[in-house]
Amino acid sequence: MTELEAARAHGKPALEKAPTGIEGLDAVTGGGLPKGRPALLCGSAGCGKTLIAMTSLVNGAVQFGEAGVLMSFEERSEDLAANVASLGYDLDALIAGQKLVIDHVRIEPSEIEVSGEFDLEPLFVRLGYAIDQVGAKRVVLDTIEALFSGFKDQAGLRAELRRLFGWLKDRGVTAVITGERGEGQLTRYGIEEYVSDCVILLDNRVHDQVTTRRLRIVKYRGSSHGTNEYPFLIDDRGVSVMPITSAGLQHKISSDIVPTGVVDLDAMFSQGGFYRGSSVLLSGLAGTGKSTFSACFANAACNRGERCLYFAFEESPDQIVRNMRSAGIDLQKHVESGLLVFESARPSLYGLEMHLTRMHRDIVEFGPSAIVVDPISAFRGVQSEIHGTLLRLADVCKERGITAFFTSLSLASDHASEADRGVSSLMDTWISLIEVESSGERNRVMSVLKARGMSHSNQMREYLLTGSGIQLIAPYVGPEGVLTGAARQAQEAREKSEALERRYSNDRRARELDRRRASLERQIAELRAGLEAEEKEFEMLNRQEVDHGNVLIADRAAMAVKRGAAE
Amino acid sequence: MPELYVLRLFVAGTTTRSHNAITNVRRICDYHLAGRFDLEVIDVYTHPEDTREFQIVATPTLVKVAPPPLRRIVGDLSNLDRVLDGLSLGSSGGNAKASS
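First to last, the protein sequences are chains A and B. First residue of the first sequence? That's 0 in numbering that gives the first Met the number 0, and the numbers climb one at a time after it. First residue of the second sequence? That's 0 in numbering that gives the first Met the number 0, and the numbers climb one at a time after it.
Incorrect hints may appear among the rest.
Stretches of chain B that chain A covers, calculated by requiring three or more beta carbons in the stretch to come under 8 Å of a beta carbon on chain A [unchecked claim]:
(1) 31-40
(2) 45-59
(3) 81-87
Distance condition first, Cα-Cα at most 25 Å in a straight line; then the derived DMTMM-like pairs of lysine to aspartate or glutamate [as the list claims (entries may be wrong)]:
(4) 449(A) x 394(A)
(5) 151(A) x 182(A)
(6) 168(A) x 48(B)
(7) 151(A) x 80(B)
(8) 34(A) x 196(A)
(9) 151(A) x 202(A)
(10) 535(A) x 546(A)
(11) 151(A) x 52(B)
(12) 151(A) x 37(B)
(13) 151(A) x 73(A)
(14) 16(A) x 191(A)
Since the hints were made in silico from the structure, they are not lab data. Using N, Cα and C, we set each Cβ at its ideal position, and we do this for glycine too.
With these hints in hand, go ahead and build the complete structure from the sequences.
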């Protein structure tokens with residue numbers, strides 16, 4: 000696609016194109032088939048040549064107002080009408096409305112005897128007559144090589160075919176000529192030699208019993224075009240071609256945040272969720288609740304009134320709705336309101352690219368703001384192919400600002416299994432769910448391995464799948480690391496009892512202290528009482544001593560008085 | 000009662016090839032089907048709608064409409080054996096004559 004943009008930027012007047020209206024094909028051809036020229040559509044039987052040619056004719060009549068002529072050399076008009084009726088094309092109405100003419104050219108080799116020279120003038124006349132009937136701008140010749148089986152004179156036939164294609168060009172009709180794939184050349188009778196403006200090759204490959212249809216533009220004169228092989232899909236909704244090879248990295252990004260649908264999980268991201276338009280990988284072992292996380296995410300999107308497309312590869316929609324009801328998530332109401340659409344298919348139903356094409360078409364048609372792919376590990380195939388497919392899918396989503404939620408089943412208990420590692424580089428956010436086995440039980444633990452553009456918790460968190468959704472449990476981080484489940488509970492109990500024990504012993508110590516304080520205070524009181532007694536005695540003795548002295552002095556004075564004169 | 004041969008010769012315009020074909024078919028009819036043929040020469044340019052009805056892709060084409068089976072003899076009818084074979088009038092056609 001980028002090549003085409005480059006070509007457009009070059010400023011050259013582009014070749015006029017006639018859009019086919021086939022999603023994807025117009026993208027890889029840069030607008031459609033060469034207008035007013037013949038294009039060759041070749042491929043082996045059952046490739047969808049007729050259907051693609053027919054679709055471009057019907058679309059031309061319905062969408063682009065260009066009447067068409069189908070000259071069928073193989074199928075009768077009624078058969079054709081019946082074949083495409085399943086796609087919702089009403090050929091009879093188009094014919095009645097003068098938008099389409101079907102001319103069945105029946106060539107029955109057993110009826111034909113060639114005697115002498117001839118030309119194909121009646122074919123020109125028939126075609127011209129049909130074109131004039133409705134003023135056709137588009138012509139399909141399906142499959143003109145049938146002429147070769149009726150007429151053995153190949154040299155004469157070739158000269159006439161060359162003249163026919165020249166005549167078509169002169170008439171200025173956009174012609175699609177289909178051709179059967181031949182050995183060593185594009186078509187069995189080498190008619191690509193005469194149709195040189197645009198050659199599209201269809202291919203139908205079976206690999207591991209799974210068929211993948213592919214389309215390649217071999218040449219497109221005067222126009223740039225996608226050169227890769229593009230997978231395409233034919234189902235009840237017609238033909239769609241997956242145009243993306245590598246969408247480049249020019250998509251606009253958003254800083255909006257989309258909640259994860261699990262409140263506690265939001266809190267693990269610094270921005271409170273995923274960036275809108277980012278790709279999220281949720282990898283986990285069997286039974287870790289990947290689908291429940293997906294359902295939470297889808298449920299949250301629908302609750303916001305946004306559309307969500309849920310690709311389920313392991314469960315039927317009813318089963319998912321029922322199972323999620325047990326987790327307290329009501330998806331049924333979203334299905335009924337049309338916000339949530341399930342697309343269920345077994346992965347083995349198509350090849351990888353067919354799945355991608357189908358998903359791409361569904362995304363384009365439904366226009367969701369979020370998708371869930373549950374799980375991507377269901378895809379079987381070569382690792383590089385799976386990687387390529389997911390890359391394209393992620394790009395499709397990024398281009399449209401769709402938040403994509405992928406789940407992946409890890410096989411080993413090692414959370415980063417080979418497959419996860421392979422795709423993790425495509426993912427902006429990676430959440431890992433693991434089961435921790437300890438003390439005879441399994442506990443679910445999640446962690447955010449990466450989140451581009453925002454910081455995130457590096458905590459491993461235990462979570463429970465409850466009847467009311469997913470609950471994250473406050474992490475227990477102790478001296479022995481993060482504990483979960485019963486071990487966490489046991490550890491918590493142990494801590495509780497230890498704390499209790501500590502409180503008891505503290506109390507005991509306090510009481511002891513009180514007792515000691517009381518006894519010491521008692522002793523202090525006793526001592527103080529003793530001291531006071533001693534002090535009192537000392538005072539008493541002191542007083543006696545003073546009294547005794549006074550008496551002596553008084554006695555001595557009395558004696559002196561008695562002796563008085565004698566001295 | 001001889002079987003009636005209903006034949007339609009489709010030509011494209013008045014080319015030499017058309018002329019040759021007309022001459023050839025007239026001669027064959029006069030010689031082999033005297034009195035029991037209904038021949039009509041149709042120019043595809045003037046009657047394009049007949050090309051669809053009679054499933055004509057090449058000119059000249061001689062269509063044997065009756066008796067069945069339907070046969071188309073393409074070319075200027077210069078190879079007499081082929082034409083008689085196509086009209087079931089050749090050596091193998093002898094049986095058809097005998098039965099009528």
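- Message: To test your reading of the hints: which numbers does this structure violate?
- Response: 1, 9, 12
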